[in-house]
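Chains as they are written, first to last, in UniProt numbering: chain A, 1 to 382; chain L, 1 to 382; chain W, 1 to 382; chain B, 1 to 382.
Simulated from the structure, these hints should not be mistaken for lab results. Treat the hints with caution; some may be incorrect.
Pairs count within a copy or across copies, as identical chains cannot be separated in the list.
Unchecked claim - With a straight-line cut-off of 20 Å between C-alpha atoms, the simulated SDA-like cross-links for lysine to any residue are:
no., residue 1, residue 2
1, Lys47, Ala3
2, Lys47, Asp17
3, Lys47, Gln185
4, Lys47, Gly72
5, Lys47, Met1
4 protein chains.
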Amino acid sequence: MTAPAPLRLAMVGGGQDAFIGNVHRMAARLDGHYTLVAGALSSTPEKALASGLALGLSPERSYPSYTALIEGELARPEDERVQVVSIVTPNHMHHPVALACLQAGFHVICDKPLTHTAEQARELARAAEQAGVVFAVTYNYSGYPLVRQARELVQQGELGEIRKVIVEYHQGWLATQVSEADNKQAGWRTDPARSGPAGALGDIGTHAEQLVSFVTGLELESVLAELSTFVPGRALDDDATVLLRFQGGAKGILTVSQIEIGRENDLRLSVFGTLGSLHWQQENPNVLLLDRLDQPRVQLTRGGPGLGTAAQRVTRLPAGHPEAFLEAFATIYTAAAEHIRAGTGSEPPVYPTVVDGLRGVQFVEAVIQSQQEGGWTRVSTP
Amino acid sequence: MTAPAPLRLAMVGGGQDAFIGNVHRMAARLDGHYTLVAGALSSTPEKALASGLALGLSPERSYPSYTALIEGELARPEDERVQVVSIVTPNHMHHPVALACLQAGFHVICDKPLTHTAEQARELARAAEQAGVVFAVTYNYSGYPLVRQARELVQQGELGEIRKVIVEYHQGWLATQVSEADNKQAGWRTDPARSGPAGALGDIGTHAEQLVSFVTGLELESVLAELSTFVPGRALDDDATVLLRFQGGAKGILTVSQIEIGRENDLRLSVFGTLGSLHWQQENPNVLLLDRLDQPRVQLTRGGPGLGTAAQRVTRLPAGHPEAFLEAFATIYTAAAEHIRAGTGSEPPVYPTVVDGLRGVQFVEAVIQSQQEGGWTRVSTP
Amino acid sequence: MTAPAPLRLAMVGGGQDAFIGNVHRMAARLDGHYTLVAGALSSTPEKALASGLALGLSPERSYPSYTALIEGELARPEDERVQVVSIVTPNHMHHPVALACLQAGFHVICDKPLTHTAEQARELARAAEQAGVVFAVTYNYSGYPLVRQARELVQQGELGEIRKVIVEYHQGWLATQVSEADNKQAGWRTDPARSGPAGALGDIGTHAEQLVSFVTGLELESVLAELSTFVPGRALDDDATVLLRFQGGAKGILTVSQIEIGRENDLRLSVFGTLGSLHWQQENPNVLLLDRLDQPRVQLTRGGPGLGTAAQRVTRLPAGHPEAFLEAFATIYTAAAEHIRAGTGSEPPVYPTVVDGLRGVQFVEAVIQSQQEGGWTRVSTP
Amino acid sequence: MTAPAPLRLAMVGGGQDAFIGNVHRMAARLDGHYTLVAGALSSTPEKALASGLALGLSPERSYPSYTALIEGELARPEDERVQVVSIVTPNHMHHPVALACLQAGFHVICDKPLTHTAEQARELARAAEQAGVVFAVTYNYSGYPLVRQARELVQQGELGEIRKVIVEYHQGWLATQVSEADNKQAGWRTDPARSGPAGALGDIGTHAEQLVSFVTGLELESVLAELSTFVPGRALDDDATVLLRFQGGAKGILTVSQIEIGRENDLRLSVFGTLGSLHWQQENPNVLLLDRLDQPRVQLTRGGPGLGTAAQRVTRLPAGHPEAFLEAFATIYTAAAEHIRAGTGSEPPVYPTVVDGLRGVQFVEAVIQSQQEGGWTRVSTP
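When you get a sec, could you build the whole thing from the sequences and use the hints?
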């Protein structure tokens, strides 16, 4: 079997000083399915050019803006034109860039939260459907093999009927006021104009929401919010707790924070059913704890005995040779590549799509409404 | 220095088949401050007698009821009369037994939750004050050395101003319907007549509330409740999540459950402040994690370097020789003995009192009111 | 069933400033089987008296020496005379005190290492047999419920044939020269006259050897020693690694140290067989890891599901309510009491005896011979 | 700054069914420093071709043998010729392939153990020096950021003088006889003709030896071996314990096994000095425990506070976003690329070289000699 040529990738955002751009590039490279050929890497044209050159792009494909990128690439012959655009800008640019890319017929891989409003997200979902392209949203934590295992265990009924879900996402890097001069990430993430209406809620709360949805398949019915801004002068929430009620009667707690000193990127999921429970922690991602009623705890390990096909499909290394954040991230990129190559009409591999992105924005909107009105608020679903 | 004679202890409740009675007895014995001389160990007179004999009590001090016990002991000369009564009955008997004991002038050690209503608890607090006796409530988790250390760290300002508290108490032993025939503990704890108006909330939620209060010193301002009964047919909550707002602006989450399969007795406390954080787990009680702003995590160990006087005072063994549940429980008994011997007018050692018991009942009442009314409910404080 | 009266206990050694004496007393008290009535608590008569009074002994039973204790107690009527003597002196006194006690007909509970020489230990074994009394040696780690579980798993063949054993005992408290003035424990333990011919090897290496023997039932065939003294000026080993060959072909590593900074009391056992493996750590004693061939790891917990009768017999609390060092220690005391009451002719409960003590001394002798001669040395067995 | 073009890489070995070949390819891709352009991927020409095509190589650069690869590439113009050859064959081919590559002037990246004999390794070291090329050996565990941190802590004297080192490498995948048909890895690794004179000792013992050498800088003086073959019919050791004596008086234990059921890839290093200790585990590689004398334990995390420049240089992601096996492996590839680009005359970045490969083979030879002769054996050093 001859290997297909790598997909031609462009990136919007992710220039020098950006954190997540390099993560996306490593993820795109790891499995060899992409080659970066173009970019509009910064909102500042000079920086965009310098960033492109530093990444080995040619000067003419180091575009000064995403509109120039789209125009320039459409002018190229199809067999060298960009096929996929990766959007890693601050949140406020996701919508216009993605929409333009979809309309130009490019496949899209976009960071989360997808958009500021559910209306925008719905527009993207419609545009993606009309264009017949792949639209992946990098809810990267769903790429972890043991998150796939957790999902499979739930789907197979190993936990019985789910009663309670606890999802936590603890960070501490915003425990003090961090100026944009010192930390570009902190800067735009705490600015409503660029980050959107939610702070920690949007940045990590959406990851938490998606993880619950991905693993349990439960649909939210209503939420009750307690958003907080602990650091004086901050314009957005830096801590959020949301009580969850799911369709069918399950309940949940989502708590996320960016002011918990000492916590790094401590995303945890616990799912409790009538027959069993499971527990997973992102910082120790190669272990999944499984408790069955009246049985001793079983410790499943990535690559180890007792794993199902969902996890095995996305496992690169034998047990004990830990895989981690970048590998899980790469799994999203690789699934998107597989789907692009197989054709968007084919049965898609497992990866988060624009619909999951929409669900995340709907969650954020409901939470903010609950916060404003007090009390339980109904959640729209895609 | 000559050792004082052990205090003469009576026990009400805690006969054969009871779990917590034997825990109290081991706790009372460990440090040698008590000798059990009398009991009304069961509500059934024959069982009370048999239980007394099995514990080495004389037949005449194996009383058929607590009233008989009080009467019988008051009839004895003071130098052989019971000095302290330990009350380990189901919850509904705490109030009448404790009140009678206080009125008879006995010191009291009582299990939690203290009473069914705050009114009853206040009555006990008043009676204890009038009697001038010691009234300890066995919030045993506050006896752990590293819980004492956590409290001292907060008091010394090591965490700065507290912003957020997460207290969790995960159990799974009531994940299915357990009949009283099979499990006496499950039986009365899920029966409103004996357990009181709260299930998991009363049984373990009060421990969680007290742990927060003990460590942080924060006073609750209001609560928002989400009580659940997941097991069909159960009359009381078996899962409770409570959002907390404290006086001064700190916030918190309290979540307790008895239906989380695989969780044993998993009480955890996280406290986050402006300068640092701490984390402690009851199932691994000899470690306390301390995070200071921009510093690597420090792992304090019971008996190890860096501990303060509060922890050292209640430490029996060198580091690495783990102390656990019974030792922490014994620390409450020992503090009560010390206070009794030093005189109730003296500066009390650290142990939970009837006032802490009252606070717990007030918490339960506010949570239930919040659940009934929906929304945030103000909490009364002692 | 009427409770038997507590056994009348005397203690030799363990006066003020001693560490292990108080441990023995708490262990003796915990389950209520003993009452301390006499002692020769120090080699200094004044200190012996003061220590006795401080413990609540009468002046006339606070003896100035063990010979006085034996004489004094034999002069008392049998129904108030001491029944059991607990020997908690520095090692060099174990042999003379135990021998005298046995000859006087007292049951003995003695600390480890039992004696300086195997010849002395054999003499004690013979004397105990002749006297027809119980002789327990406080290899306390064999009292842990999950150590009992490990042993039962091996006995039931769950691990198949054992191939390899790794036992580790890491401490760091002697990493620097500690003067006796500062630390009485460090003083005598590093003095050959009182500690015997082995330092770390005797103090903690014998615990490690016994743990292997207790859990696996394997008999040592030969040993190869690498003893070290890392702290300048120290007269005894403070670090010892011993390669083990067992009868039947299994092999092992025993490594113990008292100079490993940061390690507290970190005793660990790993046993690897043809069908499975197990792993236990003393500092987290309520968990036992079990790996079966081609199966995911199982985490057994004290009191939890899947435990056998051996562990259940010595379990006091439900799962998640951790038991620890003192409870395990008390289990040895309680087993000795049960054996004394049932009569030494009866089937003994599980506890380490004078024969296990002898085995430990034989191990030490073989290791020292290996160190002196270089190369593998045969081990005598009881 | 314009990015340099990726280095042109060829691979010898690593075709279909091979495990480690794909690991090397992912490692080479991750940071974007290499592009795979040629290969002699299998000893079977048809399989070599098929493997090359499957990896996207052109048919003419999918060579049937390493000799054909060298000849074919030398015939190409220099600006498209392979620059670096990655050797990932079974061990017995390392020497001839590497030697031919060096003589052809290619940079070499070779798996470990480097060769069967020290004489062969010395020949490679000489040839590399004469060729003036980079020769990296993929002791990949030295690429972990916290291993770099450990090394820096030792170099800065934070541990004082090192006294004792414990290195463990626990695996269980060869606990039963595994036929080559079922597991190609197991097949050649247990065949002396292809694996060399050592089994587990060569496969993972050399990793353990290198980790000690890398972190501590200690030079071995002598070793005492206890090699075992537990699985009947196996021709090589599957378990090895080696006592270590280092120049200057430090001591150590190296124990590796492939028959420990349940252990996956459990490499651990503990280093104990006069001022402090450290502990690291490969399966949880983002944490390094540091104990300083009389201080509580500090938990250093990759990317977290308190890390030095050595770790920071090889860190890709913020704290809490775990990096793992592939990232550490990629760090070796990246360092080799940096050294190649900077010129071999420049100060090399940190990576294991042919000299470290030689040291590993010398270690193996000394251990085998010790096993054959019994007793302590002197170790030659490069």
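Each hint tested on the structure:
1. Lys47 / Ala3: between (35 Å within a copy, 15 Å between copies)
2. Lys47 / Asp17: within (10 Å within a copy, 44 Å between copies)
3. Lys47 / Gln185: Only inside one copy: Lys47 and Gln185 sit 17 Å apart there, 48 Å across copies, limit 20 Å.
4. Lys47 / Gly72: Within. Shortest intra-copy distance 18 Å satisfies the 20 Å Cα cut-off; inter-copy 42 Å does not.
5. Lys47 / Met1: Intra 42 Å, inter 11 Å, cutoff 20 Å: inter-copy only.
Of the numbered hints given earlier, the model fails none.
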